[in-house]
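Engineer: What follows is the residue order along each chain.
2 protein chains.
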Amino acid sequence: MDAQLQRRYKARATIIKAVAHPTRLFIVEELKKQNRNAGELTEMIGADASTVSKHLSVLKNAGIISDERRGTTIIYHLQTPCILNFIGCVEEVLQAKAQDQMNIISSCKL
Amino acid sequence: MDAQLQRRYKARATIIKAVAHPTRLFIVEELKKQNRNAGELTEMIGADASTVSKHLSVLKNAGIISDERRGTTIIYHLQTPCILNFIGCVEEVLQAKAQDQMNIISSCKL
DNA sequence: ACTATATTTTGCTATATTACCAAATAGGAA
DNA sequence: TTCCTATTTGGTAATATAGCAAAATATAGT
Chain W
1 MDAQLQRRYK ARATIIKAVA HPTRLFIVEE LKKQNRNAGE LTEMIGADAS TVSKHLSVLK
61 NAGIISDERR GTTIIYHLQT PCILNFIGCV EEVLQAKAQD QMNIISSCKL
Chain C
1001 MDAQLQRRYK ARATIIKAVA HPTRLFIVEE LKKQNRNAGE LTEMIGADAS TVSKHLSVLK
1061 NAGIISDERR GTTIIYHLQT PCILNFIGCV EEVLQAKAQD QMNIISSCKL
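Here the protein sequences come in this chain order: W and C. Each step along the first sequence adds one to the number in the numbering used here, with nothing skipped, and position 59 is 59. Whatever position you read off the second sequence (first residue = 1), add 1000 for the numbering used here.
It should be emphasised that the hints constitute simulated quantities derived from the structure, not laboratory data. Do not take every clue at face value.
Okay, derived cross-link-like pairs now, DSBU-like style, lysine-lysine, Cα gap no bigger than 30 Å in a straight line [as the list claims (entries may be wrong)]:
{"id": "1", "chain 1": "C", "residue 1": "LYS1054", "chain 2": "C", "residue 2": "LYS1017"}
{"id": "2", "chain 1": "W", "residue 1": "LYS97", "chain 2": "C", "residue 2": "LYS1017"}
{"id": "3", "chain 1": "W", "residue 1": "LYS17", "chain 2": "C", "residue 2": "LYS1032"}
Each pair of labels, with its calculated beta carbon distance range [unchecked claim]:
{"id": "4", "chain 1": "C", "residue 1": "GLU1043", "chain 2": "W", "residue 2": "ALA38", "range": "44 to 54 Å"}
{"id": "5", "chain 1": "C", "residue 1": "SER1050", "chain 2": "W", "residue 2": "GLN4", "range": "25 to 35 Å"}
{"id": "6", "chain 1": "W", "residue 1": "GLU68", "chain 2": "C", "residue 2": "GLY1071", "range": "17 to 27 Å"}
Footprint (simulated), chain C over chain W, 3 or more residues, beta carbon under 8 Å [unchecked claim]:
{"id": "7", "stretch": "39-51"}
{"id": "8", "stretch": "66-79"}
This one's a predicted model, so the numbers in the text were calculated from it and none came from an experiment. Note that CB positions come from ideal geometry on N, CA and C, so glycine has one too.
Given only the sequences and the hints, what does the whole structure look like? Please build it.
Structural biologist: Following this line, the structure appears as structure tokens:
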């Protein structure tokens, strides 16, 4: 694997890593429904405001969301809705894992 | 956000995290093309065999790939090809970021 | 300028991830 | 059994991430 290709994979991984966290996943899904300001998101999530702010900055740096100051609050937008396209697949994986567990349990009757 | 929903987000994040690494991204893409054993992947990646093995186990635990012992080697399969559906979107994000950089540079002539 | 509100930044600590090396395990061949 | 090869496991050090609290910044209103 040459250096250039390696950088490409690293860049991709950085974007994916940005959504690979429960809170950030929630934020992205919520912003798909409607724009929200930092305070609203903080309240929904129920974590410290500084923590939520940091998650927002991770998503912003990745280019997934954008912010717009509106007076005293800052409104966040989902910049790239397609980033949620694979949630369906993620659910498939979870489903298959659950099925596997079921099969293991039901096939090994003690 | 109630506890059940939180667990759901955490489960999803775990799956996504499994592909949020350059090496693991490479593995998944390579396995989409064809099945490979651990040795082949290790050589392509150029890291320590134990390192690659650990990456493979992360993907396996997530349910994204599966393994099959074949004599002395272990062949890996991509279990859930749809997991790569969002690469197109990731590339869009990268493209948009690059464009932003260009715009900043060309609009601020010194 | 002073106060109040919204948000981010900084400092700190705890936890998690990653990579390499060495040692253990599994299977096939001599 | 012994040897050889393929792969995984365990240990460890370096680095990255997450979350809270305190301090800093920005804006609007008085």
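Engineer: Give a verdict on every hint.
Structural biologist: Here is how each hint holds up against the structure:
For the hint linking LYS1054 (chain C) to LYS1017 (chain C), the alpha-carbon distance of about 14 Å falls within 30 Å, and the restraint holds. Taking the CA atoms of LYS97 (chain W) and LYS1017 (chain C), the gap is about 16 Å. The hint holds against a cut of 30 Å. Restraint check for LYS17 (chain W) and LYS1032 (chain C): satisfied, since their Cα atoms lie roughly 21 Å apart, inside the 30 Å limit. In this structure the hint that GLU1043 (chain C) and ALA38 (chain W) lie 44 to 54 Å apart at CB holds, the actual value being about 47 Å.
With their beta carbons about 26 Å apart, SER1050 (chain C) and GLN4 (chain W) fall inside the hinted range of 25 to 35 Å. Roughly 60 Å separates the CB atoms of GLU68 (chain W) and GLY1071 (chain C), a value that falls outside the hinted 17 to 27 Å. Figure legend: the stretch 39-51 of chain W, annotated as covered by chain C; annotation consistent (3 residues with Cβ-Cβ distances under 8 Å, at least 3 required). Judged by the Cβ-Cβ criterion of 8 Å, the stretch 66-79 of chain W is not covered by chain C as claimed, because only 1 of its residues qualify and three are needed.
Violated hints, in rising order: 6, 8; the structure is consistent with all others.
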